[in-house]
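**Q** Please take these sequences and the hints and turn them into a complete structure.
There are 2 protein chains.
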Amino acid sequence: MKVAHSPLHIRHDGGKELHRGELVPCFEMPVRADYILAAMRRAGFEVLEPRPFPLESLLRVHDAGFVEFLRTAHAEWRAAGKEGFMLPSGFPARALRRDHIPTGINGRMGYYAFDASTPIVEGTWDAALAAAHCALTAAAWVAEGEKSAYALCRPPGHHAARSVYGGYCFLNNAALAAQHLRDQGFGRVAVLDVDYHHGNGTQDIFWERSDVLFVSIHATPETEYPYFLGYADERGEGAGEGYTRNFPLPRGTTWKEYGIALDAALDAVGGFAPDALVVSLGVDTYEGDPISAFKLSTEHFPRMGRRLAELKVPTVFVQEGGYAVEEIGANVAGVLEGFLGR
Amino acid sequence: MKVAHSPLHIRHDGGKELHRGELVPCFEMPVRADYILAAMRRAGFEVLEPRPFPLESLLRVHDAGFVEFLRTAHAEWRAAGKEGFMLPSGFPARALRRDHIPTGINGRMGYYAFDASTPIVEGTWDAALAAAHCALTAAAWVAEGEKSAYALCRPPGHHAARSVYGGYCFLNNAALAAQHLRDQGFGRVAVLDVDYHHGNGTQDIFWERSDVLFVSIHATPETEYPYFLGYADERGEGAGEGYTRNFPLPRGTTWKEYGIALDAALDAVGGFAPDALVVSLGVDTYEGDPISAFKLSTEHFPRMGRRLAELKVPTVFVQEGGYAVEEIGANVAGVLEGFLGR
Ligand SMILES: [Zn+2]
Ligand SMILES: [Zn+2]
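Residue numbers (the working numbering), protein chains in the order written: chain G, 329 to 670; chain D, 329 to 670.
No lab work stands behind these hints: they were computed from the structure.
Check the hints yourself; a few may be wrong.
In this list, chains with the same sequence are indistinguishable; a pair is considered to hold if it fits within one copy or across any two.
Unchecked claim - Heads up, simulated PhoX-like pairs for lysine-lysine below, C-alpha to C-alpha not over 25 Å straight-line:
| hint | residue 1 | residue 2 |
| --- | --- | --- |
| 1 | K640 | K330 |
| 2 | K475 | K330 |
| 3 | K330 | K344 |
| 4 | K344 | K410 |
| 5 | K623 | K410 |
| 6 | K584 | K640 |
**A** This is the structure in structure tokens:
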């Protein structure tokens with residue numbers, strides 16, 4: 329399997345996040361990619377740098393003002409005499425307007441964000457853009473005939489909506505991959521999100537569309553981040569009605585219950601008869617994950633991969649979360665090798 | 329002038345706020361009240377503890393589920409094995425649902441909040457309730473015949489909406505005072521908010537009502553907190569259309585420009601012919617304020633007070649912001665003594 333990876337991911341580093349009332353170094357850290365990369369090489373996968381894509385590629389799933397904000401935010405921050413990482417502290421939440429974009433950098437940052445856990449540092453744009461190019465490159469490989477490909481994206485993407493960032497995510501890599509497959513002639517594309525957290529951004533992007541199915545298995549937002557999307561009653565709207573499916577599971581879920589939800593999710597994907605599949609591959613479902621509460625062990629990830637292979641459609645894997653850094657490589661490789669039937 | 333003050337304010341202490349990318353002790357600190365109290369005593373004002381009021385008094389302007397959340401939040405936090413102050417990090421901002429209240433404490437906290445700058449500590453409820461009682465007591469004094477009264481509230485209130493807290497505010501003291509005056513037979517009540525920041529919570533509470541006029545002079549939300557409310561085009565809705573008036577001013581505003589806006593605001597209040605007035609009295613318009621950018625000096629606050637007196641209506645002053653702690657007493661006393669024509 330070809331792996332798309334960019335060393336530029338390391339440019340997104342040095343920020344802190346608000347976590348349980350403390351400002352701590354981000355769980356989403358560069359070494360995650362190093363561990364995955366080592367596992368990819370151990371597995372004998374060919375690791376390639378991403379191709380370049382025009383900026384307009386991003387606008388297929390993101391708002392132009394949002395992309396411009398991400399591209400220029402930290403430079404504007406520095407031009408205003410500020411230093412270090414950017415973290416918003418006020419948001420257009422309940423009882424506030426959402427229809428006006430403040431001109432100042434603090435308000436604009438809050439407008440485009442939904443949490444205080446996603447710092448923007450000087451190199452964030454370079455890293456996020458490189459991750460998006462990894463996803464687009466992996467999708468291009470599959471469009472060109474590969475049966476499967478893996479985008480080693482960092483930062484991840486599935487929490488990023490059309491014009492909102494958060495949850496360590498800036499550009500929605502999986503949505504970009506799915507859209508690229510659509511644009512290359514795949515009529516129906518399914519996105520299956522197996523990250524511990526709901527892929528609220530991907531759901532938002534494809535909410536009103538019937539050509540891209542979004543299916544997610546995740547920890548219930550009743551107790552888990554992102555809290556405000558990912559409930560079972562969300563099924564899409566307009567033309568997209570019925571093309572979003574959520575399978576929320578409680579904290580403490582083991583492989584036994586997970587497997588049942590995975591079967592149901594795969595049934596939903598299979599019923600859609602997709603021409604291609606994008607997997608938002610988070611491995612924070614792992615029992616050792618420091619911020620999550622599912623109980624999958626390393627041996628379960630190859631099983632997940634084998635089940636995904638049964639769909640028998642061209643598949644793009646896109647890296648999302650996973651914060652047990654020493655085990656992340658084995659868990660990701662497990663899914664991919666299981667998929668390949670090794 | 330009678331002053332309502334409760335020593336319980338000190339129970340709200342020890343939290344930190346996310347400020348410009350750093351977690352710092354709150355600018356809204358107990359010593360603020362100490363400095364104001366000393367100035368009240370120097371001015372010869374009679375300082376009294378607030379009367380008790382039934383919990384139902386709060387429900388005249390706040391949502392019952394919201395009040396219950398504030399009342400029980402920190403106990404629930406501790407029962408879940410957590411310690412220290414509570415600070416939300418994910419919010420129902422753009423591209424997320426606002427129609428579902430998560431059951432878990434983290435999600436519920438984010439649901440009811442709109443910033444990461446308003447910690448809840450063990451004693452927050454006691455202090456917020458005491459502050460609400462101070463405002464209700466000052467309103468009761470005026471209802472009973474006093475020409476004016478001052479509620480030395482801490483924590484402040486004007487950022488707290490019907491079911492949302494933020495901006496150091498939990499219960500909306502000024503809105504409670506205005507509602508109490510209405511309930512005691514004052515047919516038309518005006519709220520004039522002169523805090524540096526827009527009183528988004530008060531505006532939200534009275535947005536659709538014509539019996540309470542809300543007028544605010546504040547720094548433009550284009551660049552200043554709370555960013556997402558307080559623009560000049562917001563004028564109320566439904567029955568309340570025309571009964572909200574905002575006068576946003578740029579950073580760097582001096583007394584000269586402020587005075588012009590104050591005249592316009594007082595014209596709006598006078599045109600409403602109120603039977604009583606509530607002043608949301610923030611003195612963070614002071615040039616030495618550490619988080620604000622207006623240029624009023626201590627000599628301007630008595631002038632503000634004199635102009636307010638020209639309305640010649642029973643007036644309840646309710647303390648809001650002001651973070652230049654050593655000068656806060658003189659600035660607050662300046663407004664009140666100016667009002668009294670001393
Ligand atoms: Zn995740
Ligand atoms: Zn203020």
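**Q** List, from low to high, the hint numbers that the structure doesn't satisfy.
**A** 3
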